[in-house]
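Quick note, the sequences are listed as chains A and B, same order.
Under the UniProt record's numbering, residues 1 to 464 are what the first sequence spells out, in order.
Under the UniProt record's numbering, residues 1 to 464 are what the second sequence spells out, in order.
Think of the hints as simulated: they come from the structure by calculation, not from any bench.
Incorrect hints may appear among the rest.
The list treats identical chains as one, so a pair stands whether inside a single copy or across any two.
[Unchecked claim] No farther apart than 25 Å at their CA atoms in a straight line, the calculated lysine to any residue pairs in the SDA-like style are these: (1) Lys430 with Glu46; (2) Lys430 with Thr198; (3) Lys430 with Pro63; (4) Lys430 with Leu408; (5) Lys430 with Ile392; (6) Lys430 with Glu274; (7) Lys430 with Arg224; (8) Lys430 with Arg195; (9) Lys430 with Leu25; (10) Lys430 with Thr359; (11) Lys430 with Gln241; (12) Lys430 with Asp361; (13) Lys430 with His243; (14) Lys430 with Ala27; (15) Lys430 with Asn366; (16) Lys430 with Arg59; (17) Lys430 with Gln184; (18) Lys430 with Asn22; (19) Lys430 with Asp39.
Being a predicted model, the structure only gives us computed values, none of them experimental.
Number of protein chains: 2
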Amino acid sequence: MADDSQRNEAQFEQDEDDFGPNAELLAQIDAAIDAGDSDALNASLEPMHAADIADLIERLAAPRRRTFLELYARQIDGEILSEIDESIREDVIEQMPREVLAEAVREMDSDDVVDLVEDLDQSDRDQILAALDAGDRAAVQQSLAYPEYSAGRLMQSEVVTAPEHWTVGQTIRFLQSEEWLPEQFYHVILVDPRRHATGYVTLGRLLASRHDTMLRDLAEDSFRTISAYAEEGDVAYVFNQYHLISAPVVDRHDRLVGVITIDDAMAILDEEHEEDILRLAGVGDESTINDTVLQTVGQRVPWLGANIVTALAAASVIAIFESAIAQLVALAVLMPIVASMGGNAGTQTLTVAVRGLATRDLSRSNAVRVVRREVTVGLINGAIFGVVMAGITMLWFGDPGLATVIGLAMIVNLLVAALAGILIPLALNKLGADPALASGTFVTMMTDVIGFLAFLGLATAVLL
Amino acid sequence: MADDSQRNEAQFEQDEDDFGPNAELLAQIDAAIDAGDSDALNASLEPMHAADIADLIERLAAPRRRTFLELYARQIDGEILSEIDESIREDVIEQMPREVLAEAVREMDSDDVVDLVEDLDQSDRDQILAALDAGDRAAVQQSLAYPEYSAGRLMQSEVVTAPEHWTVGQTIRFLQSEEWLPEQFYHVILVDPRRHATGYVTLGRLLASRHDTMLRDLAEDSFRTISAYAEEGDVAYVFNQYHLISAPVVDRHDRLVGVITIDDAMAILDEEHEEDILRLAGVGDESTINDTVLQTVGQRVPWLGANIVTALAAASVIAIFESAIAQLVALAVLMPIVASMGGNAGTQTLTVAVRGLATRDLSRSNAVRVVRREVTVGLINGAIFGVVMAGITMLWFGDPGLATVIGLAMIVNLLVAALAGILIPLALNKLGADPALASGTFVTMMTDVIGFLAFLGLATAVLL
Numbered sequence: 001m002a003d004d005s006q007r008n009e010a011q012f013e014q015d016e017d018d019f020g021p022n023a024e025l026l027a028q029i030d031a032a033i034d035a036g037d038s039d040a041l042n043a044s045l046e047p048m049h050a051a052d053i054a055d056l057i058e059r060l061a062a063p064r065r066r067t068f069l070e071l072y073a074r075q076i077d078g079e080i081l082s083e084i085d086e087s088i089r090e091d092v093i094e095q096m097p098r099e100v101l102a103e104a105v106r107e108m109d110s111d112d113v114v115d116l117v118e119d120l121d122q123s124d125r126d127q128i129l130a131a132l133d134a135g136d137r138a139a140v141q142q143s144l145a146y147p148e149y150s151a152g153r154l155m156q157s158e159v160v161t162a163p164e165h166w167t168v169g170q171t172i173r174f175l176q177s178e179e180w181l182p183e184q185f186y187h188v189i190l191v192d193p194r195r196h197a198t199g200y201v202t203l204g205r206l207l208a209s210r211h212d213t214m215l216r217d218l219a220e221d222s223f224r225t226i227s228a229y230a231e232e233g234d235v236a237y238v239f240n241q242y243h244l245i246s247a248p249v250v251d252r253h254d255r256l257v258g259v260i261t262i263d264d265a266m267a268i269l270d271e272e273h274e275e276d277i278l279r280l281a282g283v284g285d286e287s288t289i290n291d292t293v294l295q296t297v298g299q300r301v302p303w304l305g306a307n308i309v310t311a312l313a314a315a316s317v318i319a320i321f322e323s324a325i326a327q328l329v330a331l332a333v334l335m336p337i338v339a340s341m342g343g344n345a346g347t348q349t350l351t352v353a354v355r356g357l358a359t360r361d362l363s364r365s366n367a368v369r370v371v372r373r374e375v376t377v378g379l380i381n382g383a384i385f386g387v388v389m390a391g392i393t394m395l396w397f398g399d400p401g402l403a404t405v406i407g408l409a410m411i412v413n414l415l416v417a418a419l420a421g422i423l424i425p426l427a428l429n430k431l432g433a434d435p436a437l438a439s440g441t442f443v444t445m446m447t448d449v450i451g452f453l454a455f456l457g458l459a460t461a462v463l464l
Numbered sequence: 001m002a003d004d005s006q007r008n009e010a011q012f013e014q015d016e017d018d019f020g021p022n023a024e025l026l027a028q029i030d031a032a033i034d035a036g037d038s039d040a041l042n043a044s045l046e047p048m049h050a051a052d053i054a055d056l057i058e059r060l061a062a063p064r065r066r067t068f069l070e071l072y073a074r075q076i077d078g079e080i081l082s083e084i085d086e087s088i089r090e091d092v093i094e095q096m097p098r099e100v101l102a103e104a105v106r107e108m109d110s111d112d113v114v115d116l117v118e119d120l121d122q123s124d125r126d127q128i129l130a131a132l133d134a135g136d137r138a139a140v141q142q143s144l145a146y147p148e149y150s151a152g153r154l155m156q157s158e159v160v161t162a163p164e165h166w167t168v169g170q171t172i173r174f175l176q177s178e179e180w181l182p183e184q185f186y187h188v189i190l191v192d193p194r195r196h197a198t199g200y201v202t203l204g205r206l207l208a209s210r211h212d213t214m215l216r217d218l219a220e221d222s223f224r225t226i227s228a229y230a231e232e233g234d235v236a237y238v239f240n241q242y243h244l245i246s247a248p249v250v251d252r253h254d255r256l257v258g259v260i261t262i263d264d265a266m267a268i269l270d271e272e273h274e275e276d277i278l279r280l281a282g283v284g285d286e287s288t289i290n291d292t293v294l295q296t297v298g299q300r301v302p303w304l305g306a307n308i309v310t311a312l313a314a315a316s317v318i319a320i321f322e323s324a325i326a327q328l329v330a331l332a333v334l335m336p337i338v339a340s341m342g343g344n345a346g347t348q349t350l351t352v353a354v355r356g357l358a359t360r361d362l363s364r365s366n367a368v369r370v371v372r373r374e375v376t377v378g379l380i381n382g383a384i385f386g387v388v389m390a391g392i393t394m395l396w397f398g399d400p401g402l403a404t405v406i407g408l409a410m411i412v413n414l415l416v417a418a419l420a421g422i423l424i425p426l427a428l429n430k431l432g433a434d435p436a437l438a439s440g441t442f443v444t445m446m447t448d449v450i451g452f453l454a455f456l457g458l459a460t461a462v463l464l
């Protein structure tokens, strides 16, 4: 931490504003929208990257987005369309003239078409599929047959393959004569006569080798295939763990059905992180900064509702001790401190556990050791802050009994926080649930209830 | 959310355990360590990927790791060494025989050597640099001259370049005759006579084109250079935003000094997320699941210390109203509910804001609109849960005055939560600080203090 705080942003010369459109260009775009001038708008957007245009569309408020699309919908191509966030893609599609949409879809890789149509209703989906030629349509339909969030949905069917007995020279001649090749490809995948993927050769190796070398002699050690039924999170993990650039996807019979490239794996990694962080905070995991008020309320109310239930549980613990509080109001003053420290310590442990599970650094092989560590840390932190709070209470209220009680309650609650923070996510994970999803609510309920119970209970037993 | 909860892990056929070493292999490894049998250990580890071996080493408890290294240190190569987490790398290096370390370092790409030595002390660093040949040493020293966390530190100096007036045939002949080429490369970077990067050609395009085509006619539209002084987080953003696979790095005079590939950008993206999530939870951002008890206590105590200060601030607000509580103990029962709901709502807003800033979805162009949305959402949620709590309070205590007071306090506190949750991270960002770093503490302090103040203050004014 000390190390990171030394990062001085000023020393870096290229900052956020050097990427994407600059302020002047944004002002021109704004003016063009205001003036309803579609020629000026097109001219301003022309030099922009599709990803930046998509971001611009996402950031517009809904009514202004409609105005924008009235001026610009005819210019939206496949690249822009695949960059637009799912949350507003349907709105955009609706405003695109049918022939423009059809043209855009025809330009897209099969994996991008799958991503586009999988969330549409049947009639919109059929309309888009109808725009494709038969081969592309079959590829998209094959992908859609795999479960949502599977490798089969992520892959593109456009694959460059060669028999393993070919030479480098043969392969290069084949690539030069082939009319159609994917936009981006990094490997030639080796296949046997039954279309089983048996290895791959990087293009760099292909280019650097003598023409008479056999492809099978250039195959990479790092070769591994991905099942079309693998979960997309596992796909992202494999790419990140093994530094893959692209990986062949195979069906149940080990036959090659497609390929996944690292840029898609990177996007999934990004999404999975996003989900974790939003779930930990109790926000719907599809929230974006561009959602409307109603969408936002809809995402957050369920979590606040769950929280009110846990808060009521904590309140009913307090209610048991009403007469103790009436006798010694200092209890009411101090009790939130015990609960709050427990909540914080629990969140710390929980976050480390959820991250560890997500990155697979926390696994069966070290779970027992991690639990033991968290319990020890909980006891040590409990002792430290127990002493601190006992000291503060002594200075504030001059009551040694009260000081002892809060010190003990702090130790109990930080121990409970550690246990809840590590055991609840481990249990949810074991049950096949996402540990990020509901852990926070459970952990805080534990630390609130036990915090109040330990402090008020001990006070009643010792002081009154 | 509804959509995601339907994800049933059972439908995916390849799960976590299909990647990395299986349980049987792990048992063999454990047995070999116990028996002190280095041949058996080598045999078990032989089929494993370097990244999995590194993970295995990380997961061992410190004393067992020493035993492991006594048996295995001679087998550690450059690949394993570059996969090992910074937190334990120094321990590993210390146990490696000097000649094994020297050999490992000579195998590594320059960017991995930079990553290895940048955290070592001067004498260890010198020792490692001495093992390199002069050319590699110069490359590493050039990288180390750039600031920490800059693109210059991330890049590798091994670059494949060609003059833009070359033809495809010339380039392929050059690549075939070149003795040394990087392990992985995906583009040929075009340079002018003064070594300015002017474009790049993907290897796929090179292979698919006629031999007499000029390289400059094959250059990609997506070409963009990265300043060696750019921050690594910005580098990850650019790769993710523009789907880059590799990007040339240039110095202040726009001269080509290296190249960054997407696998490094993906690792940075992963680290930045990790930092955000750990900072939001108030855990030192270098925590790992494998830290010792003392390291863990050291990371967490500062944050718990900050929390105790904010909890004391909240307690002193309660202390002002001691006599009100003594008269009406129900206030003590209900007050944590108001504070807890505020804390939750504040965390929700905060998390969405921190994520939005990290992904650059929240920027100057939509900040005002987002603030307005959060305030509106805060008021609506306040109204919803104000009514809910008023109803519950009425049922529980049968006191319409108390019910009104808690309803109003809830509205006030959820409004404050929204304001604090969005304005505090925006302010920290504006000041050049990381909004994930301290926002949580500030936001909770606001919602605790205002929660107690609004509820107890209103109660005193209205009820007593």
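Unmet hints by their number, sorted upward, for this structure: Hints 1, 2, 3, 4, 5, 7, 8, 13, 17 and 19 are the ones this structure does not satisfy, whereas the remaining hints hold.
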